[in-house]
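**Student:** The primary structure of each chain is shown beneath.
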Amino acid sequence: GDSVTQMEGPVTLSEEAFLTINCTYTATGYPSLFWYVQYPGEGLQLLLKATKADDKGSNKGFEATYRKETTSFHLEKGSVQVSDSAVYFCALIRLPGGRQLTFGSGTQLTVLP
Amino acid sequence: GAGVSQSPSNKVTEKGKDVELRCDPISGHTALYWYRQRLGQGLEFLIYFQGNSAPDKSGLPSDRFSAERTGESVSTLTIQRTQQEDSAVYLCASSLDGAGGRGANVLTFGAGSRLTVL
Numbered sequence: 001g002d003s004v005t006q007m008e009g010p011v012t013l014s015e016e017a018f019l020t021i022n023c024t025y026t027a028t029g030y031p032s033l034f035w036y037v038q039y040p041g042e043g044l045q046l047l048l049k050a051t052k053a054d055d056k057g058s059n060k061g062f063e064a065t066y067r068k069e070t071t072s073f074h075l076e077k078g079s080v081q082v083s084d085s086a087v088y089f090c091a092l093i094r095l096p097g098g099r100q101l102t103f104g105s106g107t108q109l110t111v112l113p
Numbered sequence: 114g115a116g117v118s119q120s121p122s123n124k125v126t127e128k129g130k131d132v133e134l135r136c137d138p139i140s141g142h143t144a145l146y147w148y149r150q151r152l153g154q155g156l157e158f159l160i161y162f163q164g165n166s167a168p169d170k171s172g173l174p175s176d177r178f179s180a181e182r183t184g185e186s187v188s189t190l191t192i193q194r195t196q197q198e199d200s201a202v203y204l205c206a207s208s209l210d211g212a213g214g215r216g217a218n219v220l221t222f223g224a225g226s227r228l229t230v231l
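Going line by line, the protein sequences match chains A and B.
Using my numbering, you'd call the opening residue of the first sequence number 1 and step up by one each time.
Using my numbering, you'd call the opening residue of the second sequence number 114 and step up by one each time.
I should point out that these hints are in silico values taken from the structure, not numbers from a laboratory.
Computed footprint of chain A on chain B, listed as stretches where at least three residues anywhere in the stretch have a Cβ under 8 Å from a Cβ of chain A: (1) 146-155; (2) 220-228.
Computed cross-link-like contacts, DSBU-like style, restricted to lysine-lysine with a CA-CA straight-line distance of at most 35 Å: (3) B/Lys124 x B/Lys170; (4) B/Lys170 x B/Lys130; (5) B/Lys170 x A/Lys68; (6) A/Lys56 x A/Lys68; (7) B/Lys170 x A/Lys52; (8) B/Lys128 x B/Lys170; (9) B/Lys170 x A/Lys56; (10) A/Lys52 x A/Lys68.
For each residue, glycine too, the CB sits at the ideal point set by N, CA and C.
The following block holds chain B by itself, in its conformation from the complex (with noise of 0.2 Å):
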């Protein structure tokens, strides 16, 4: 698509829930990244994705936390038992390519699927 796709854009649910948010990527861009951005705060790395390699999983904050990738297409950020702490917007990025590639780190993001844990 012409932009990163994030959906929903507003979720509220209660505690313990699980929550799936997905993200489409610009088509052709081989990395995907996962930041979470809490209110008030910056954004904080949760998971990276680039083409068929292992995932860098060295930001999710707990084992409540995973994401899937179908290959260079979408990608699940699912919480599972949520709690209000978890509470912020999440945001998707993609990248022509992963770092060392001439397209590297110029990130271009969806709009985010804002969280609310009551």
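Same shape as in the complex, but just chain A (with noise of 0.2 Å):
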């Protein structure tokens, strides 16, 4: 079946550090990817999503492009501030037919000042 592997957490970082959070996927067909961001007490939010190979996802200086020949679809950041400070899901939906996100287990972050 279709699944979601992300790089465990928690990461800490510094402000202004760079930010990879890795992200690989098991799906067949031709599956969209999505990166969720969920802060302290709030519900998730999309991130940033790509829909085809090589597409690229970006929003609020984050980026992931989605490799189809490694399968992957990291998150990166190239400078990040304290309020980065969340948990960041990484999903994907088959197409064609799935009807639902498939998620991975999450990644937390903490950004010091």
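Each chain sits in its own coordinate frame; assemble them with the hints.
**Tutor:** This is the structure we're talking about:
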């Protein structure tokens, strides 16, 4: 079945450090890929998405590129801020025919001032 | 409403009791999802409603779990005879339309209902 594997956390960085959170997936067909973020006390929010190979999703300084050859969708940010502290979830939906997202286990990020 | 609302935000219950969790999706969103998030684990799909179609119940872990949705509005997730392993955060999400639609797959989540079974 479909699955998403994320790097285990927690990840602790200093402000302005470079961030990479690894995500790899297994799916049949041609999935769409997503990163969701969950800030403390809030629901998950869509951060970015990519719907086909070599697409790059970007938002709020975060980027992720859909790499079909390595089945990966790593999340990167060049300079993190304290306000980026949250849990990040990688997810996919299998297309065609998928009706619900499959999520990774989440990666807790803490950014220290 | 402006966002997805869930209630209660926290529920502590004794083993064997029944619980009901409520989700009020964004107005106009035809698709509604329930997920479970156990501590330190990813989101586990439970059930999916899309308009008037039969719900996709393939993720419900046992017959103690059930969910209903009234039209395209409120949904309730019911857990009967709760067990300690049911302790988790139960997340509800809605989207403009289901798979295949232009708004598909962009889910808006509620803040969740944290269930603790003693």
